[in-house]
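Peer 1: Just so you know, the protein sequences line up as chains E and G, in that order. Under the numbering used here, the residues of the first sequence are numbered 1 to 145, in order. Under the numbering used here, the residues of the second sequence are numbered 1001 to 1144, in order.
It is worth saying that the hints were derived from the structure and are not from the lab. Nothing here was measured: the structure is a model prediction, and the numbers come from that model. Treat the hints loosely; a few may be bogus.
To be verified - Pairs of lysine-lysine, DSSO-like flavour, derived with a Cα cap of 27 Å:
| no. | chain 1 | residue 1 | chain 2 | residue 2 |
| --- | --- | --- | --- | --- |
| 1 | E | Lys-73 | G | Lys-1117 |
| 2 | E | Lys-62 | E | Lys-73 |
| 3 | G | Lys-1069 | E | Lys-62 |
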Amino acid sequence: MIRAALIALACGLLFGAGLAVSGMTNPARVIGFLDIAGAFDPTLAFVMLGALAPMSLAWRLKARMERPLAAQKFTVPTATVLDAPLVIGALLFGVGWGVTGLCPGPALTNLALSPLPAAVFVSAMASGMALYRMLRPNAPSTPQE
Amino acid sequence: MGPSLSSFAHGLAGGVMIGCAAAAMLLLLGRIAGVSGLAAQAFGLSDRGSQLLAAAFIFALPAGAALAKLAGAAPVEASFPSLPYLVVGGLFVGFGARLGSGCTSGHGVCGVSRLSKRSLVATAAFMATGMLTVAAMRAAGAGW
Chain E
1 MIRAALIALA CGLLFGAGLA VSGMTNPARV IGFLDIAGAF DPTLAFVMLG
51 ALAPMSLAWR LKARMERPLA AQKFTVPTAT VLDAPLVIGA LLFGVGWGVT
101 GLCPGPALTN LALSPLPAAV FVSAMASGMA LYRMLRPNAP STPQE
Chain G
1001 MGPSLSSFAH GLAGGVMIGC AAAAMLLLLG RIAGVSGLAA QAFGLSDRGS
1051 QLLAAAFIFA LPAGAALAKL AGAAPVEASF PSLPYLVVGG LFVGFGARLG
1101 SGCTSGHGVC GVSRLSKRSL VATAAFMATG MLTVAAMRAA GAGW
């Protein structure tokens, strides 16, 4: 368990550093990507391209593996049904993303770079998560994907 | 500040780092690097997963950014929305990510690279409302 936590720590460090390097911790740049009718900034597309390449390879490798290299089993999402919570949740998420230019990764990462606005956003985000838990306490919790 | 060759290069390099981190989570720990799910676990707002593991990942995000900044590898300029926008946006992002089972990392990076139908739909949906929201705010003159 300690070893797994240390691996997660290392992954988080690389993930957070990558977000900072990518420029996506700057909300104005994310808004620029979403602002297709205005001052469009395609930088986010380069970030996605860069991230999708190694991750696509990882899924191919995973298909040949019995189990992960440092854990007992793969715990990946298995749901395939398109349901209302998925779509409504994503639509609402997009509204918040468009209002602020922030999503969970960059927001948490910004706790180190721009602590004040990041702390406000992360508090509100945690409240939104708590509200979801209150309203849907027995929701069949689909794994994160 | 605007788009430039430098911003594209930074985006691509940072993206590769993000993708490698997500790949390591999958191949080493067998888990998805979905930040909203891990954050909920770290905050004690989810029943699944290991809280210690999630907390380690979430704590490391700002730590990694601080290291990148120290190394001079991260662009420093950033502008943020004002308080009311942060509060409303944060609520929508937190609630929506949980209801929709993921965010830009879980669906956008991990799910899309897997060609998961659910993640492709979710990513299209949040990109659509994200763009519509920005356009609506522009039309209403509701800048930050």
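Peer 1: Assess, step by step, whether the Cα of Lys-1069 (chain G) is no farther than 27 Å from the Cα of Lys-62 (chain E), and give holds or violated.
Peer 2: Not satisfied, since the Cα-Cα distance of roughly 33 Å exceeds 27 Å.
Peer 1: Take a quick look at whether Lys-73 (chain E) and Lys-1117 (chain G) sit within 27 Å of each other, Cα to Cα.
Peer 2: holds, 23 Å
Peer 1: Verify the proposed pairing of Lys-62 (chain E) with Lys-73 (chain E), using a straight-line Cα cut of 27 Å.
Peer 2: holds, 11 Å
Hint check: a violation occurs at hint 3 only; the rest are consistent with the structure.
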